[in-house]
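Chains as they are written, first to last, in our numbering: chain Z, 220 to 482; chain V, 220 to 482; chain Y, 220 to 482; chain X, 220 to 482.
Worth flagging that the hints you see were computed from the coordinates, not collected in a lab.
Please note that a few of the clues may not be correct.
[Claimed, not checked] Reference excerpt, derived from the structure (chain X facing chain Y, CB under 8 angstroms, subset only):
(1) F456
(2) S459
(3) Y476
(4) A477
(5) R480
A virtual CB, placed ideally from N, CA and C, is assigned to each residue, including glycine.
Number of protein chains: 4
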Amino acid sequence: MSQMTLSELNASSKNDFVAALANIFEYSPWIAEQAASFRPFADKTQRAAGLTAESNAEQNSAGLDRLSDAEYEAFERVNNAYRAKFGFPYIVCVRRQTRDSILRDFERRQSNDARTEMRRSIEEIFRIAALRLDQLVIADDRLKVHGRLSTHVLDNHNGKPASGIEITLTELSELGVSRVVTRAVTNSDGRTDAPLIGGRPVPIGRYELKFALGKYFAGRGIPMSDPPFLDEIPLRFAVSEPEGHLHVPLLVTPWSYATYRGS
Amino acid sequence: MSQMTLSELNASSKNDFVAALANIFEYSPWIAEQAASFRPFADKTQRAAGLTAESNAEQNSAGLDRLSDAEYEAFERVNNAYRAKFGFPYIVCVRRQTRDSILRDFERRQSNDARTEMRRSIEEIFRIAALRLDQLVIADDRLKVHGRLSTHVLDNHNGKPASGIEITLTELSELGVSRVVTRAVTNSDGRTDAPLIGGRPVPIGRYELKFALGKYFAGRGIPMSDPPFLDEIPLRFAVSEPEGHLHVPLLVTPWSYATYRGS
Amino acid sequence: MSQMTLSELNASSKNDFVAALANIFEYSPWIAEQAASFRPFADKTQRAAGLTAESNAEQNSAGLDRLSDAEYEAFERVNNAYRAKFGFPYIVCVRRQTRDSILRDFERRQSNDARTEMRRSIEEIFRIAALRLDQLVIADDRLKVHGRLSTHVLDNHNGKPASGIEITLTELSELGVSRVVTRAVTNSDGRTDAPLIGGRPVPIGRYELKFALGKYFAGRGIPMSDPPFLDEIPLRFAVSEPEGHLHVPLLVTPWSYATYRGS
Amino acid sequence: MSQMTLSELNASSKNDFVAALANIFEYSPWIAEQAASFRPFADKTQRAAGLTAESNAEQNSAGLDRLSDAEYEAFERVNNAYRAKFGFPYIVCVRRQTRDSILRDFERRQSNDARTEMRRSIEEIFRIAALRLDQLVIADDRLKVHGRLSTHVLDNHNGKPASGIEITLTELSELGVSRVVTRAVTNSDGRTDAPLIGGRPVPIGRYELKFALGKYFAGRGIPMSDPPFLDEIPLRFAVSEPEGHLHVPLLVTPWSYATYRGS
Chain Z
220 MSQMTLSELN
230 ASSKNDFVAA
240 LANIFEYSPW
250 IAEQAASFRP
260 FADKTQRAAG
270 LTAESNAEQN
280 SAGLDRLSDA
290 EYEAFERVNN
300 AYRAKFGFPY
310 IVCVRRQTRD
320 SILRDFERRQ
330 SNDARTEMRR
340 SIEEIFRIAA
350 LRLDQLVIAD
360 DRLKVHGRLS
370 THVLDNHNGK
380 PASGIEITLT
390 ELSELGVSRV
400 VTRAVTNSDG
410 RTDAPLIGGR
420 PVPIGRYELK
430 FALGKYFAGR
440 GIPMSDPPFL
450 DEIPLRFAVS
460 EPEGHLHVPL
470 LVTPWSYATY
480 RGS
Chain V
220 MSQMTLSELN
230 ASSKNDFVAA
240 LANIFEYSPW
250 IAEQAASFRP
260 FADKTQRAAG
270 LTAESNAEQN
280 SAGLDRLSDA
290 EYEAFERVNN
300 AYRAKFGFPY
310 IVCVRRQTRD
320 SILRDFERRQ
330 SNDARTEMRR
340 SIEEIFRIAA
350 LRLDQLVIAD
360 DRLKVHGRLS
370 THVLDNHNGK
380 PASGIEITLT
390 ELSELGVSRV
400 VTRAVTNSDG
410 RTDAPLIGGR
420 PVPIGRYELK
430 FALGKYFAGR
440 GIPMSDPPFL
450 DEIPLRFAVS
460 EPEGHLHVPL
470 LVTPWSYATY
480 RGS
Chain Y
220 MSQMTLSELN
230 ASSKNDFVAA
240 LANIFEYSPW
250 IAEQAASFRP
260 FADKTQRAAG
270 LTAESNAEQN
280 SAGLDRLSDA
290 EYEAFERVNN
300 AYRAKFGFPY
310 IVCVRRQTRD
320 SILRDFERRQ
330 SNDARTEMRR
340 SIEEIFRIAA
350 LRLDQLVIAD
360 DRLKVHGRLS
370 THVLDNHNGK
380 PASGIEITLT
390 ELSELGVSRV
400 VTRAVTNSDG
410 RTDAPLIGGR
420 PVPIGRYELK
430 FALGKYFAGR
440 GIPMSDPPFL
450 DEIPLRFAVS
460 EPEGHLHVPL
470 LVTPWSYATY
480 RGS
Chain X
220 MSQMTLSELN
230 ASSKNDFVAA
240 LANIFEYSPW
250 IAEQAASFRP
260 FADKTQRAAG
270 LTAESNAEQN
280 SAGLDRLSDA
290 EYEAFERVNN
300 AYRAKFGFPY
310 IVCVRRQTRD
320 SILRDFERRQ
330 SNDARTEMRR
340 SIEEIFRIAA
350 LRLDQLVIAD
360 DRLKVHGRLS
370 THVLDNHNGK
380 PASGIEITLT
390 ELSELGVSRV
400 VTRAVTNSDG
410 RTDAPLIGGR
420 PVPIGRYELK
430 FALGKYFAGR
440 GIPMSDPPFL
450 DEIPLRFAVS
460 EPEGHLHVPL
470 LVTPWSYATY
480 RGS
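Pulled out of the complex, with its shape left as it was, chain Z reads as follows (with noise of 0.2 angstroms):
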C-alpha cells in the first residue's frame, strides 16, 4: 500500500478503496466492499475523549462518557501528543477497550513509525466497521467479532453446582473510578443464564468478579467460622483477547477456592 492518507482513502472511489485496503484483509474482499460505505472515518473527532471514534453509543461503552479528571487530562495529553507525531488523530475501536486499554495503547503506538501507524489506524477502522455491520444484522460467520465471558459455580462441599449465588463484575479502573458492568445470580447448574459478556468483544482491560459465597453457605445452614473465613470472594483477571470466550469458574467450599483460565 502506497502510503495513502485517510483523506484520500475517504474520497477515493469504493474501487480504488476495495483494492487499497485488499492487502488488509487479503481472503476477504467483502470485507472492504462493506466497509467503503461506512466511510468516511476520521471525521467524527470527540471532545470529550479526545480521540477519534466511531459513534456516542461505542465510546460510552467504554465509559468515555464518565471520565474522571485525571482519566481526561491523561487522554487529552496522549491525544495531543499522539496528533503532533503523526499529523492524524488516533483511531481505535472503542468496544474493544476499556478506559486504562486505551491509555496503553496510546503509549505503545505513540512509538511506531507512521507507516506502521497508519496501517494499525486501519485495521482499527475495520475493527468498527465489521462491529458496525454485526450490528447491522449483517452478521458473517467468517468475521468472528464477538467474544464471550462467562462463569461457574461449584460447590466442592456438596458436589454440586452452586445455585443462587450473587455475582458482580466490575471493571477496573487505574485512574478513575471503578464501574460495576453487570450482576448476576447463578442458576440451578452453577452457570449464569447468559453469559457476563456476550454478544459483542470483552473490553481489554482488568476486571473483578465478586462472588457473595459467605451468603451462600450461610443459607445453607454450613457450620462457618464467626466472621465467616470466606465470606465474599474477589477473582482479579485481565482480557486480551475481545473476540476469545474466557471462562473464569470458581471451585469453592466454606475454607477453599480455586480459579483457573477455563474454555
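Put chains V, Y and X on the given structure of chain Z with help from the hints.
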C-alpha cells in the same frame, strides 16, 4: 459469683478478688492473682474511642486513634447505648479486635442480660491482664495469648516455592478506611521470614492479602497474555480465633490459583 | 398390591398386570402397559452368572460372562442364599450395575423382608423394561434412562485446554480383574468427542480414569524432572447414579493437579 | 585423571587414591580420604542382581533380593551388555535407586564412552562411600546425603488438618511387583509423625501414595453418595532428587481433591 460490681472488684482485697473470680479460670487461680495487681480496671474511659480499654498503645493497635467520622459516630452511639443499659462501661480486650469486630461485639453484647455481660466484661479483663503479663515477660506456657498469621506461595508452574513475591496485608473496614497491616517479600522457601502477624493475638476481623504475581512471572520470562491474565491476586478472609494459627497459602500459575485455610 | 407372585404377574392379563403395578409408577400407566409386552420376566435364569436378568447382551454389559473364579463363586453363593430365603430368583437391571455393585446389592437385599424384596424386584423389572423400550427407539423424554460420564483436561501451565491427552477408563473390581471400558483422546477443547459413557446408564461401580500427562508435557517441550514428577495420573471415583451426568475434570500442570465432581 | 582402572584404584596407596580423585570433589579431599578406607569397591559382584554394589543390606534396600523373573532377566541382560562394552562391572549407589531406575540408568550409561563411564562409576563409589560414612555416624553437614518424602492432608470440607488418615506408600515397578515401602496414619496436624522416607536418600523411582479418605469422611458422619464418590485416593509421582525434600500434600473434600509438589 454474687453480682459483684466492678467498683467492688477494684476495691476488694487481693484474696477476695481471687476468690470472686476463681470460677472463671477454675484451674488457674494464679492468673487471678496476677491480674489483681493490674487493678483498677474500668477507670480509663477513652474519649476518642468511647470505650474503656487498657492503654493508648493497646487501643492504637486496633486503629481506634484513627477512626473515620462514620466510625467515630458508630462507636459513640453503641457506647452510649451500652452504658445506658448496663450502667458500666463496655470493656473489651482491644488487642484481639479490629474496629469492625468491636462494633459487631457491641451489638451482640447489647442484647445480653446484666449478669451475662458482667461475666463477659471480667473475661475481657482477664484477656487484657493476660496480654499485659505476657508483655512483662512473665510469659507462661499455660496461657496461650499469641496467635499467628502466615502464608506460603507455591509456584505450580515451576514446581517450586515462589520467592521474591511482594505481599501486602490489609485490614478491611466496612465503615472506615482499610489500612495496611504489614508488607513482606517471600524468601527462597516461598514464605515470609517472620509471620505476617505473630507474637500477639491476630485481631478478629476481615483482611486482604495481595500478592504481586504478575511481576513475579514477568521477571521469570514466562510467556503471558497482555495484559497478564493474573497480576495482583487478592485473597480475602476473616480471622475468628485471635490465639490460633491461621495459614493462608497460595498455589499459583500464570493461569490459575487456589487458596485454603491451612495449618 | 396384594402379594402377587412373579408367576402370577407373568400369567395375568395385560389389564391386571397394569392395574397390579399401577402404584409403582403412578403417573405413568403407559410404562406398565409397554412393560407388559416384555413378559415373562423371571424365567431366564442364567447359569453363568447365577442370576436372572434380561438377556445375554445385557449381562455381558456388566462383564458377567467373564467372571473370575472368585467372582463366580461369590455370585453362586449369594444367589443360592437369595433363592433359599425368598423362593424366587434375584432380579436386577444389569445394565445399571458392575460386578462389584451387584454383589453389594445382593448383600443388602438379602436382609429385606419378602414384601420389600418383591417390590424391589418389580422396580428392577421396570428398569429393564424401560431400557429395552429405549433401545427399541420408543424413547420418551418422560423416562430418564441414560446417564453420562464425561471429562475435561485443562492445562493450567499454558492456560489452555489440553489436547491430544490419551485417556483410559477402567472399571475396577474387588474380586476379579479390572477391565478397560473405553479409551479416548482429548480434542482441541480438552474434551473427548463423545462422552466416555453415554446413551446408556453409567453402571454403579468404581472406576479409574488414567491420563497420559507426562507424554503430553514432554511433547510440548516443557522442562520437567527426570523421571517426570507426574506421568500417568489416575483418578479413582465411584458412580452412584446411573442416570445422572457425572463430569470428572482434570486441572493439571507438570507439578500439580486437581479434580472434582463437576456438572 | 589419566584413565586409571578400578583395579589400579583399589590397589593404589591412599595418597595416590586421594590425588587421583581430587578433581571429583575438588573442595572436599577429606571425602576421598575417608572413601579410601572403604576399598576395594568393585569386587563384590552380586549374582542375584547381576550388578556390583556395596552390600547385601544396601542391595536389599532397592528390593534387588526380590526380583521377579522378568526383572532378573532384564538385569542379567543389561549387566552382561555393560561388561561386554566396558570391561568392568556396572557400579551404582543402590540406596539412591529403585529397580526401575537402575534399569533405566543401565540403558543410559551403556551409550557412554569408557572415559565418561569410568568417571560416572567413581562418582557412584563416592555416593556409596558417603552413605556409609553417614551410617558410621561420621555424619558431616558438608555432605548432604539424606532426602525426605513427606505428606500433609488438609480437609477442606471442615477447614482443618485431616487426622487419622491411613496412608500407604508403594514403590511402583514396571517389570516386577510393586511393593509397600511404608504405612502411616496422619496425626492431629494432618501430617505423619515421621517423614514417609527420611534419614536416607529417597530412591529415584515412581511411587504411589494412597489415602483412605472414604473411611475418614464416613467416620465423621459427612453425607456421601453410595458408593462414596471418593474412597481410596491414589497419588502417583516420581522422585528424581534422592537428596531433596519432596512434599506431596493432599487437599481434599468428599467431592474434590488436589495435590502439588510442595516444599
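The hints, checked one at a time:
{"no.": "1", "hint": "F456", "result": "holds (5 angstroms)"}
{"no.": "2", "hint": "S459", "result": "holds (4 angstroms)"}
{"no.": "3", "hint": "Y476", "result": "holds (6 angstroms)"}
{"no.": "4", "hint": "A477", "result": "holds (4 angstroms)"}
{"no.": "5", "hint": "R480", "result": "holds (4 angstroms)"}
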